[in-house]
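Here are the chains, one letter per residue:
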Amino acid sequence: MTIRGKAFVAGAYEHPLRVIPDRSTPQVHADVALGAVADAGLTLDDVDAYFCAGDAPGFGPMSMADYLGLKKLSYMDSTEFGGSSYVAHVGHAAAAIAAGKCSVALITLAGRPRHERAFGSRARTAPETDFESLYGLNTVSLYALAAQRHMHEYGTTSEQLAEIKVAASLHAQHNPNAFLPKPVTVEEVVESRMISDPLHLLDCCVVTDGGGALVVVSPEVAKSLSRRSVKVLGHGEATKNPDNGRVDLTYTGARWSGPRAFEEAGVSHADIDYASIYDSFTITVLETIEDLGFCAKGEGGRFVSDGGLVAPFGKLPFNTDGGGLCNNHPTNRGGITKVIEAVRQLRGEAHPEVQVPDPQIALVHGTGGSLATRMGSVTLILGQEDS
Amino acid sequence: MSSLPVLAPSPSPETKAFWDATADDRLLLPKCSACGTVIWYPRAICPDCHSLEIEWFEAAGTGTIYSWTVSHRGEGPYREASPYCIAYVELDEGPRVLTNIVDADLTSLAIGQRVTLAWADTGEGTKLPRFRPV
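Chains as they are written, first to last, in our numbering: chain A, 124 to 510; chain B, 10 to 143.
Hints in this document: simulated from the structure, not taken from any laboratory.
Predicted model only: the values in this text are computed from it and were never measured.
Where is the CB? At the ideal position from N, CA and C, for every residue including glycine.
Possibly wrong hints are sitting among the right ones.
Stated by the list, open to error - With the Cβ distance kept under 7 Å, some of the chain B side facing chain A (calculated, not the full set): (1) Cys58; (2) Phe66; (3) Thr108; (4) Leu137.
Only chain A is shown next, with the shape it has when bound in the complex (with noise of 0.2 Å):
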């Protein structure tokens, strides 16, 4: 059994604001589930299913459902894989509801990073802790510890990197709510200040408030519903961790999670239009797209050079909100907005700018955790309605 065209996304919803001053966390992930089931013409009185991750206040799901007043429940997951936790999600409700758990899933994400600590779940006393945690290290370095391997052994260049962020930055300038709406240029890039060699401040991306919420149903529901919804056609995750000592930096998880996905989709790269690709850090897409199998291993730098990212007509139009980098990472988890963004491209509506001609087939990919260190990779493919 596959979940191929057993689950559709009907709602996807992106707070518009980068910035909350005057709300709760939880107040923020109302806002957001509101959004998404008007989005998809249901009501909250329709879920029967709800998946969260470590940002929801409180004690698993239970806490989100309570506040919520979700009253129907049966079926719940906070499968915690840091930002990319809610890629993972959708696949996990297509299989619920193939399975015929439920059939009105409900999935947020929120917070207000900018202005409290965020709930975050990472433990304190993991069994790695005592080995790793000692030594200084802040997420920033991990990834800038795969980015200097990466150039070491195949040549990639900061202005490499930094072509990824003027893609992305190219794209912000169409919306109207991104945080960092700015067209930048390879020159502003390496020119900025050095975070973590050989990350600098924007090849990372932005701390903002916010959330994002989605609706995925059955088949039955999305067919009885008005608004054109997304159809899932595969899915795949994948963990990658320091592998017993062997850690190999230049890699990610998406070696395994990307070829799941496609076969269950049963596509293959030419056919995908479009991709959301996790950008906490332009490292983290040039590695992704290495191995979800755009280009070859190593090919990376060439690959996002000369345009090949921007939209609507690169090699790869990529995150066509201006993502991570350059619009929202709403409390530091890029997960949610890279589906929001895809659900707009095969719905046509990205910004008439940036929206690839009638496309077809997109793709989105998650990474949670620390790139290619301890790592979940969640690869997910979404097509049209009728695809």
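Given chain A's structure and the hints, the job is docking chain B onto it.
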């Protein structure tokens, strides 16, 4: 540049032998008695073959830099220590371990550079294994 914070570990029954040895400047590595794999990070199960028979041996304490970064924006106790180097060092026994490179010119770090242990005393009966260029 050796004024980095020295954070103390919280040894468990599983890792006590490792941390006890650090007090005597000895870097112990666990090795699977069944399949012979050197294990990192230390744990009571072999992640390769799942045997629970683990023995310890003393490492040479030398290795090469597999990757490095200079963090200009440390967090928490490391905020005041910036800039400082975080690296993966490939020990001569095989495992790639996260650590800091200390007593080094931060502008001339390189992948492949040889390094050796530079113990940092936590003041709590343990030492943190860091490395310095040979």
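Status of each hint after checking the structure:
no., hint, result
1, Cys58, "11 Å, violated"
2, Phe66, "14 Å, violated"
3, Thr108, "6 Å, holds"
4, Leu137, "6 Å, holds"
In this structure, the hints that do not hold are numbers 1 and 2, in rising order.
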